[in-house]
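Chain order of the listed sequences is A and B. Read in this note's numbering, the first sequence has 71 at position 71, and its numbers run on one by one without any break. Read in this note's numbering, the second sequence has 63 at position 63, and its numbers run on one by one without any break.
Calculated from the structure, these hints are not laboratory results. Values in this document were obtained by computation on a predicted structure and should not be read as measured data.
Example chain A residues on the side facing chain B (calculated, C-beta under 7 Å, incomplete):
(1) Leu66
(2) Gly70
(3) Pro71
(4) Asn72
(5) Gly171
(6) Asn172
Residues from chain A shown here face chain B by an in silico Cβ test under 8 Å; the list is partial:
(7) Leu86
(8) Pro88
(9) Leu167
(10) Ile173
(11) Asp186
(12) Val188
(13) Glu189
Cβ atoms here follow ideal geometry from the backbone N, Cα and C, with glycine treated the same way.
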Amino acid sequence: MFNEANTVAIILTLKLALIVTALLLVIATPIAWWLARTPSKLKAVIGAIVALPIVLPPSVLGFYLLLAMGPNGPVGQLTESLGIGLLPFTFSGLVIASIFYSLPFVVQPIQNAFEAIGEQPLETAATLRAGPWDRFFTVAVPLAMPGFFTGTVLGFTHTVGEFGVVLMIGGNIPGVTRVVSVQIYDYVEALEYADAHQLAATMVIFSFIVLLLLYTLNPNKRNET
Amino acid sequence: MKHKISLSLFIMLSAMSSAQATTVSVAVAANFSAPMKDIAQEFEKETGHHLTLTFGSSGKLFAQIKNGAPYQVFLCADDKKPGKLENEGLSVPGSEFTYALGTLVLWSANPDFIDDNGEVLKQKQFIHLAIANPALAPYGVAAIETMQKLKVLDNLRSTFVQGENVAQTYQFVATGNAPLGFVALSQVFQAGKLTQGSAWIVPAELHKPIRQNAVLLSKGKDNKAAETLLAYLKSNKATAIIKSYGYKL
Numbered sequence: 001m002f003n004e005a006n007t008v009a010i011i012l013t014l015k016l017a018l019i020v021t022a023l024l025l026v027i028a029t030p031i032a033w034w035l036a037r038t039p040s041k042l043k044a045v046i047g048a049i050v051a052l053p054i055v056l057p058p059s060v061l062g063f064y065l066l067l068a069m070g071p072n073g074p075v076g077q078l079t080e081s082l083g084i085g086l087l088p089f090t091f092s093g094l095v096i097a098s099i100f101y102s103l104p105f106v107v108q109p110i111q112n113a114f115e116a117i118g119e120q121p122l123e124t125a126a127t128l129r130a131g132p133w134d135r136f137f138t139v140a141v142p143l144a145m146p147g148f149f150t151g152t153v154l155g156f157t158h159t160v161g162e163f164g165v166v167l168m169i170g171g172n173i174p175g176v177t178r179v180v181s182v183q184i185y186d187y188v189e190a191l192e193y194a195d196a197h198q199l200a201a202t203m204v205i206f207s208f209i210v211l212l213l214l215y216t217l218n219p220n221k222r223n224e225t
Numbered sequence: 001m002k003h004k005i006s007l008s009l010f011i012m013l014s015a016m017s018s019a020q021a022t023t024v025s026v027a028v029a030a031n032f033s034a035p036m037k038d039i040a041q042e043f044e045k046e047t048g049h050h051l052t053l054t055f056g057s058s059g060k061l062f063a064q065i066k067n068g069a070p071y072q073v074f075l076c077a078d079d080k081k082p083g084k085l086e087n088e089g090l091s092v093p094g095s096e097f098t099y100a101l102g103t104l105v106l107w108s109a110n111p112d113f114i115d116d117n118g119e120v121l122k123q124k125q126f127i128h129l130a131i132a133n134p135a136l137a138p139y140g141v142a143a144i145e146t147m148q149k150l151k152v153l154d155n156l157r158s159t160f161v162q163g164e165n166v167a168q169t170y171q172f173v174a175t176g177n178a179p180l181g182f183v184a185l186s187q188v189f190q191a192g193k194l195t196q197g198s199a200w201i202v203p204a205e206l207h208k209p210i211r212q213n214a215v216l217l218s219k220g221k222d223n224k225a226a227e228t229l230l231a232y233l234k235s236n237k238a239t240a241i242i243k244s245y246g247y248k249l
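Use the sequences and the hints to build the structure in full.
Below, the structure is given as structure tokens:
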């Protein structure tokens with residue numbers, strides 16, 4: 001159905017989205033927990049930083065990532081001194097950029113779910129002598145499952161749909177950084193509309209099915225309360 | 001409320017159309033952005049007309065024009081797309097001319113990286129070589145042709161990182177993420193000398209000439225200012241600016 005270049009791009013995109021989503025769940029969960037429960041004044045500051053990628057154009061994010069990861073940027077100097085080399089034009093670079101880019105889409109649903117639990121279930125668990133870790137994993141996480149579900153789906157689809165940041169730091173290398181959205185862009189630019197349609201229509205159908213699943217399997221919380 | 005909106009929209013639109021007589025909307029290939037800004041300044045000062053400049057890859061601008069973009073003049077980075085526009089009735093026949101011959105340069109932001117003969121390509125002591133996507137950009141095609149002539153293409157292919165146009169390719173090299181790359185001389189050359197880094201100006205015989213053609217689009221047909229601009233591009237003043245950025249004519 002797909003030519004070889006398209007297959008390579010699709011597999012690369014799915015691989016990127018899977019890795020980014022898995023890492024994001026590990027990174028986003030403690031951030032969401034902290035944001036949901038802290039009385040600290042820093043909450044607004046951290047919350048705003050996490051939400052930045054929602055409002056910033058990908059060109060801004062991509063531009064600063066390109067500078068930060070370059071040989072004169074702080075991240076670039078760190079990775080070079082660690083012997084990793086520079087991150088732009090590498091798959092690892094895309095993973096790190098995508099984590100920044102998709103972070104709010106995973107943090108916010110989980111944070112909302114944690115906030116919705118309230119104090120009572122956790123206090124009850126504490127009176128039954130559940131330790132903090134126990135309370136977190138056997139009470140908070142199961143109760144926040146809808147939030148985790150939404151965060152996972154949004155993080156995954158948002159990474160699949162990522163374009164501007166990848167264009168800025170990817171360098172368009174087949175099998176390494178040429179993801180589906182960039183491939184589509186190249187087709188459109190080269191006026192190869194038939195090839196563009198094939199991939200673009202696949203993206204539309206894929207995104208629709210994922211969102212349909214999200215809305216059917218995870219009914220709106222407002223209906224429950 | 002609705003009436004208010006449509007009324008203010010009407011006022012805005014009529015204000016725009018009355019200004020149109022002296023405003024020219026120009027689509028400019030990315031590599032020509034620096035000289036065009038200079039030319040625009042001079043042109044506006046001398047004629048009183050106003051220019052709206054849109055920069056982008058020729059491919060994108062071409063697609064926009066085909067789909068009804070309101071540009072009146074197109075400064076393309078090659079000599080193929082203007083002909084295609086004429087075939088489709090989107091440009092004024094006979095208005096096409098070459099406004100500049102592009103010069104390809106192998107450039108690095110590091111002042112000691114590139115020698116005067118491009119030997120650096122044969123030694124291959126770099127991870128990334130930035131080029132403009134040859135499927136989209138004439139400077140990318142010229143870069144590929146040059147490496148073919150030098151018999152280093154197959155050896156270097158694994159190092160390629162591609163910018164979607166020559167402006168992005170420049171960005172990859174300027175930020176140091178790619179140690180070197182093929183860009184347009186106009187991007188790194190001003191007032192007759194290199195602005196920074198080191199460079200090898202690729203001899204013209206190593207690739208087909210990069211003919212950059214301009215054309216009057218159908219939407220600029222009866223626009224006096226658009227015709228004046230095209231004439232101005234051939235004037236001594238404009239050609240001097242064009243040459244100062246390393247283009248030939």
